[in-house]
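> The lines below spell out each chain.
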Amino acid sequence: MRKQILLVCSAVFLLGTATGQEEIKVLTQSELDALKSQMPLEAETAYNEGIVAYQSKNYPLAVEKYTQAINAYANFELAYFNRGLSHAALQQQEQAIADFQKANELNPANHAALYEIGLIYSDKNDTENALKYIGDAIKANDQEVKYLYKRSLLLFQQKEYDKALEDLNKIIKIDPSFAFAYNDRGSIYKEQSKLDDAIADYKKAVTIDKTLKVAHNNLGTAYRKKGQYDLAIGAYNAAIALDKDFYLAYNNRGYAKYEKGDYAGALADFDEVIRMKPDYAYAYNNKASVYLKQEKYNDAVKTCDQAIKLNPEYGYAYYNRGIAYEMLRNDKQSCQDWSKAAELGIDAAGSYYSNNECYNF
Amino acid sequence: MKQFLTILTAILFTGILFAQVDTPFDKSAFKEDKDGLKEAVKNIEQGDKFYLAQPFADYKSALPFYEKAYSFNPNNAELNYKIGMCYINTNFRTRSLPYFEKAVKLNPAVNPELKYYLGYSYHLHKKWDDAIKYYNEYASQNANVKGSNVELLKEATKKIAECKSGKKLEQTPVRVFIDNMGANINTEYPEYCMIMNADGSEIYFTSRRNTTTGGGIDEINGGYFEDIFHAKKEGNGWSKATNLGAPINTKGHDATVALSPDGSKMLVYIDDKGDGNIYESIRTGDAWSKPKKMDDIICSPYHESSAWYSNDGKRLYFVSSRPIPGSKDKMEKDKDIYYVTWDPVKKKWDNLVRLPDNINTPYHEDGLFIHPDGKTIYFSSKGHNSIGGYDVFYTELRPDGTFMDPINMGTPINTPDDDVFFVVTASGRYGYMTSFREDGMGEKDLYKVTFLGEEKKPMLNSEDILLAGLDVIIAEKAVEPIISNRRGELALLKGTVYDDKTRKPIHAYIELIDNVKGESLAEFESDPVTGKFLVSLPAGKNYGIAVKSDGYLFHSENFDIPKGADYQEYNKDVYMKKIEIGEVIVLRNIFYDLAKYSLRPESKTELDRLIKLMNDNPTLKIQISGHTDSRGSDESNKELSKNRAKEVVDYLIKAGIAANRLTSEGYGEEQLIFSDADIAKLKTTKEKEAAHQENRRTEFKIISK
Chain A
126 MRKQILLVCS
136 AVFLLGTATG
146 QEEIKVLTQS
156 ELDALKSQMP
166 LEAETAYNEG
176 IVAYQSKNYP
186 LAVEKYTQAI
196 NAYANFELAY
206 FNRGLSHAAL
216 QQQEQAIADF
226 QKANELNPAN
236 HAALYEIGLI
246 YSDKNDTENA
256 LKYIGDAIKA
266 NDQEVKYLYK
276 RSLLLFQQKE
286 YDKALEDLNK
296 IIKIDPSFAF
306 AYNDRGSIYK
316 EQSKLDDAIA
326 DYKKAVTIDK
336 TLKVAHNNLG
346 TAYRKKGQYD
356 LAIGAYNAAI
366 ALDKDFYLAY
376 NNRGYAKYEK
386 GDYAGALADF
396 DEVIRMKPDY
406 AYAYNNKASV
416 YLKQEKYNDA
426 VKTCDQAIKL
436 NPEYGYAYYN
446 RGIAYEMLRN
456 DKQSCQDWSK
466 AAELGIDAAG
476 SYYSNNECYN
486 F
Chain B
978 MKQFLTILTA
988 ILFTGILFAQ
998 VDTPFDKSAF
1008 KEDKDGLKEA
1018 VKNIEQGDKF
1028 YLAQPFADYK
1038 SALPFYEKAY
1048 SFNPNNAELN
1058 YKIGMCYINT
1068 NFRTRSLPYF
1078 EKAVKLNPAV
1088 NPELKYYLGY
1098 SYHLHKKWDD
1108 AIKYYNEYAS
1118 QNANVKGSNV
1128 ELLKEATKKI
1138 AECKSGKKLE
1148 QTPVRVFIDN
1158 MGANINTEYP
1168 EYCMIMNADG
1178 SEIYFTSRRN
1188 TTTGGGIDEI
1198 NGGYFEDIFH
1208 AKKEGNGWSK
1218 ATNLGAPINT
1228 KGHDATVALS
1238 PDGSKMLVYI
1248 DDKGDGNIYE
1258 SIRTGDAWSK
1268 PKKMDDIICS
1278 PYHESSAWYS
1288 NDGKRLYFVS
1298 SRPIPGSKDK
1308 MEKDKDIYYV
1318 TWDPVKKKWD
1328 NLVRLPDNIN
1338 TPYHEDGLFI
1348 HPDGKTIYFS
1358 SKGHNSIGGY
1368 DVFYTELRPD
1378 GTFMDPINMG
1388 TPINTPDDDV
1398 FFVVTASGRY
1408 GYMTSFREDG
1418 MGEKDLYKVT
1428 FLGEEKKPML
1438 NSEDILLAGL
1448 DVIIAEKAVE
1458 PIISNRRGEL
1468 ALLKGTVYDD
1478 KTRKPIHAYI
1488 ELIDNVKGES
1498 LAEFESDPVT
1508 GKFLVSLPAG
1518 KNYGIAVKSD
1528 GYLFHSENFD
1538 IPKGADYQEY
1548 NKDVYMKKIE
1558 IGEVIVLRNI
1568 FYDLAKYSLR
1578 PESKTELDRL
1588 IKLMNDNPTL
1598 KIQISGHTDS
1608 RGSDESNKEL
1618 SKNRAKEVVD
1628 YLIKAGIAAN
1638 RLTSEGYGEE
1648 QLIFSDADIA
1658 KLKTTKEKEA
1668 AHQENRRTEF
1678 KIISK
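Taken in order, these protein sequences are the chains called A and B.
Following this note's numbering, the numbering of the first sequence begins with 126 at its first residue and continues without gaps.
Following this note's numbering, the numbering of the second sequence begins with 978 at its first residue and continues without gaps.
Please note that a few of the clues may not be correct.
What the hints assert, rightly or not - The calculated DMTMM-like cross-link candidates involving lysine to aspartate or glutamate, where the alpha carbons are at most 25 angstroms apart (straight line), are:
{"#": "1", "chain 1": "A", "residue 1": "Lys418", "chain 2": "B", "residue 2": "Glu1457"}
{"#": "2", "chain 1": "B", "residue 1": "Lys1454", "chain 2": "A", "residue 2": "Glu438"}
{"#": "3", "chain 1": "B", "residue 1": "Lys1104", "chain 2": "B", "residue 2": "Asp1416"}
{"#": "4", "chain 1": "A", "residue 1": "Lys421", "chain 2": "B", "residue 2": "Glu1432"}
{"#": "5", "chain 1": "B", "residue 1": "Lys1141", "chain 2": "B", "residue 2": "Asp1107"}
{"#": "6", "chain 1": "A", "residue 1": "Lys421", "chain 2": "B", "residue 2": "Glu1128"}
{"#": "7", "chain 1": "B", "residue 1": "Lys1663", "chain 2": "A", "residue 2": "Glu438"}
Said to hold, decoys possible - Derived CB-CB ranges, DEER-like:
{"#": "8", "chain 1": "A", "residue 1": "Glu285", "chain 2": "B", "residue 2": "Glu1432", "range": "34 to 44 angstroms"}
{"#": "9", "chain 1": "B", "residue 1": "Val1456", "chain 2": "A", "residue 2": "Pro403", "range": "25 to 35 angstroms"}
{"#": "10", "chain 1": "A", "residue 1": "Lys264", "chain 2": "B", "residue 2": "Ile1450", "range": "30 to 40 angstroms"}
{"#": "11", "chain 1": "B", "residue 1": "Ile1451", "chain 2": "A", "residue 2": "Ala223", "range": "50 to 60 angstroms"}
{"#": "12", "chain 1": "B", "residue 1": "Gln1118", "chain 2": "A", "residue 2": "Gly352", "range": "46 to 56 angstroms"}
{"#": "13", "chain 1": "A", "residue 1": "Glu285", "chain 2": "B", "residue 2": "Ile1650", "range": "38 to 48 angstroms"}
{"#": "14", "chain 1": "A", "residue 1": "Pro403", "chain 2": "B", "residue 2": "Gly1214", "range": "39 to 49 angstroms"}
{"#": "15", "chain 1": "A", "residue 1": "Gln218", "chain 2": "B", "residue 2": "Gln1648", "range": "45 to 55 angstroms"}
Think of the hints as simulated: they come from the structure by calculation, not from any bench.
Beta carbons: idealized from backbone N, C-alpha and C, even for Gly.
Extracted from the complex, chain A is given alone in its bound form (with noise of 0.2 angstroms):
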């Protein structure tokens, strides 16, 4: 739930960080008497009322209420505000837009309502407005360490890592506990293939928050990246520990174990990975790339064979039963397999399939 804006109480606090817990905004008491002066009562009532209807998510008598509240008072920004929210939770995006940009309208300091603005936009995957909006948010407050990783999660999505970098640092400089900001540089780090920037970042995620289990598979990752296996089987098992259903962990882990060269114990979190999600077609897929190195070849096809049943376009498991295929001395089939998979964009099946000379096939 998103926050809103109280008229009821004395202190300014916040509740809540990014991490989506609920927020709420209280005003000053000096503010909430600039506000009493200048609207009728029954706006006030309304408005009260349809924050209750708010946080009881009634959204549709919440919206009810704050247009009570702005039929009472139609310069009500904070009742604009609200609405605005009530909208968003009931998914009306466009009255929702409206109802921020009439409150940003009313008070240009409302800098919330342009970020809620921004949030819509990014719901709506409209990554272009999202950022315009929510750096105009920023621009009004750049010391919002919710704007600023808000606007990191786009650009890194927008695979602008320079600027998302850009956010995390002042992030990290407004508030160096943050352990989110931390990962997701490292993330960006691992990104741009700067490893150990990468693993003290997550470590350093890690170390202010034991919990957190994403850092620790990243940490996992970024280790097995960089050749050091132990360390990252190490790091997955951490995330594991704290999440026994972490069946990307798991299939993680099986890869650190099958590069460091156990294949029993890669084969054994493959196959966990798959009793917990049997649809998971990437696990199926590392479990053939295990066969192929222990030579069982038939398991290898017969796994791929599942891996490409649940995804028929997956030109990995293509590219691997090639492989298997080859060592069975069935030309034929590995040649129509490494087409399959030049053609999904595996650049190497293309070369083998040139190089073996598969137009004879």
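Given the coordinates of chain A, work out where chain B should sit on it, guided by the hints.
Just chain B now, with coordinates in the frame of chain A:
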């Protein structure tokens, strides 16, 4: 219990001692079977006649007699040694081991050379340490002994080095499958020395089977005379091999040596009463000409046994046992590799060069094969780091004309026995070799070697939740392995040249040009009967290809084959157009800077060809047109193509072609060869890009003549 073990050990020990007694063929040992002894002695005497025959021992004939004697008395050291010697001198060399082992147990001094041969037998079994041990024992026991076999002592030293090589190379075997080529090719008789064209679609080999021309038998070794046989690729197998017949095969020995990459020329070996020479036969359609002896610079009074054409046909590499050119010593020496260069003016081979000493060793080199990649030379040698007998090696001709130090092809291709006649398809995927294997079809057979290359790395996938504040799973992009195909860095261009109107095959010249250097690299011809051609394009060049035939407009193609490119085969039939109004020719070797209209220097050769056409046909008027692909705006494409066509016209005018003979037009994307819909149907990015490339072109059209 202890007492029991002592007794048992004593019994066993006594037993072993008893079994190891060297038992002579005399009455004292066989008092109760005098008849059997008499028969055994007789068999030994019979065997000895063949074993000790002069000038050549006949081990194969001696063996049955010795084996009969052996069944009577298996514990005679000398007989075991002789049987071992018989086996080691036949195709079944490895069967010698138990006999030599037994001989050495019975009496290590039965023959001073026993330990050498025991070492050799271990060597053939790839028991490297045992072999080294016995070679060393032989050497140390005979080194300072008067009358010992000096040559064999030298050989022991060499073989110790071979064992060390074998031990080392066996630790990193080459990843290959080796398969017998099957009953369509191999028989119970010897098959060997397979040759093929560059794409491996046609093969020729030598066989001494009973269908040899005339059915004659060579009195020297008792086998049928050699003939050349031929087969074609059928799917993944081979057609039934047939005798190539006259004029190549005669009643005497006719053996394969080499085939040009396009299969239009064959080299054959003719014994010439022991001289040994190379002859050449030319193909027209399916008919081969009578083999003609090669120039004297190749065929010396010494022995020439192997040869091969370079991919551009400009060099001929061959093997000869002639004395080193320029040396005072006129004695025949070990076989070395030489090459000669084709002189197009004198129309003969010239400039004899002996390959340097990093290739030619003091031992024999033989069994040449020049790969169509233009740089790799496969050959066999008894020197270098051979693991025994002839091993197959490869070297590379560097751009500066030097040769890389040879690399042993490794095991299991090379064995401690002779490994010769190794050829590789253009792709590098398949090799073919001659081998005697006990599970073969009899005698030497032809085997197919499938190169698997570096171990193909499986690709795994992982996913992570990279962002702590966003529950989104992001897949890690798998890192693809870097694929290199060192054995097949080239492309083959093959097809048929036709008359565009009649659709009949025609003879044409195919000129290969290095567009960057503006140099003509080589010229090939299509077969006058079938119109077929095959050209190899080694990686690392931008090739312009001009197909020319009298009375026709030239046809151009372009192939950019960068270094490290995957192997490719392009099948491209060429339809030659006569000089007629309305005919359109695409100028595939005209290049512009990206999104600009200035001509790149690589275009010069093609433009010069066009200038020549205009000069040769002074009344010809042409329109130059530019075309783009469908990407970009219509307006910008039109403008670009217009400017590009005009740039060509300006070049021609500057070269002296009258402006009134030239017009230009830009069609932008109006006349696509491949529509967007066509391209959308293509499977891979590579294919789509090639289609866009076809659309981007400069053409000329004959307006009047």
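> Against each hint, give a clear statement of whether it holds in the structure.
Do the hints match the structure? See the list:
1. A:Lys418 <-> B:Glu1457: holds (17 angstroms)
2. B:Lys1454 <-> A:Glu438: Answer holds: Lys1454 of chain B to Glu438 of chain A is near 16 angstroms, not above 25 angstroms.
3. B:Lys1104 <-> B:Asp1416: holds (21 angstroms)
4. A:Lys421 <-> B:Glu1432: holds (15 angstroms)
5. B:Lys1141 <-> B:Asp1107: holds (11 angstroms)
6. A:Lys421 <-> B:Glu1128: violated (50 angstroms)
7. B:Lys1663 <-> A:Glu438: It holds: about 19 angstroms lies between the C-alpha atoms, which stays within 25 angstroms.
8. A:Glu285 <-> B:Glu1432: 34 to 44 angstroms: Once the Cβ atoms are compared, 38 angstroms apart, the range 34 to 44 angstroms for Glu1432 of chain B and Glu285 of chain A holds.
9. B:Val1456 <-> A:Pro403: 25 to 35 angstroms: holds (28 angstroms)
10. A:Lys264 <-> B:Ile1450: 30 to 40 angstroms: holds (33 angstroms)
11. B:Ile1451 <-> A:Ala223: 50 to 60 angstroms: violated (34 angstroms)
12. B:Gln1118 <-> A:Gly352: 46 to 56 angstroms: Between Gln1118 of chain B and Gly352 of chain A, where Cβ atoms are some 53 angstroms apart, the hint holds.
13. A:Glu285 <-> B:Ile1650: 38 to 48 angstroms: holds (39 angstroms)
14. A:Pro403 <-> B:Gly1214: 39 to 49 angstroms: At 43 angstroms between Cβs, range holds.
15. A:Gln218 <-> B:Gln1648: 45 to 55 angstroms: Holds, since Gln218 of chain A and Gln1648 of chain B (Cβ atoms, about 48 angstroms apart) stay within the stated range.
Hints 6, 11 from the list above are not met by this structure, while the remaining hints are.
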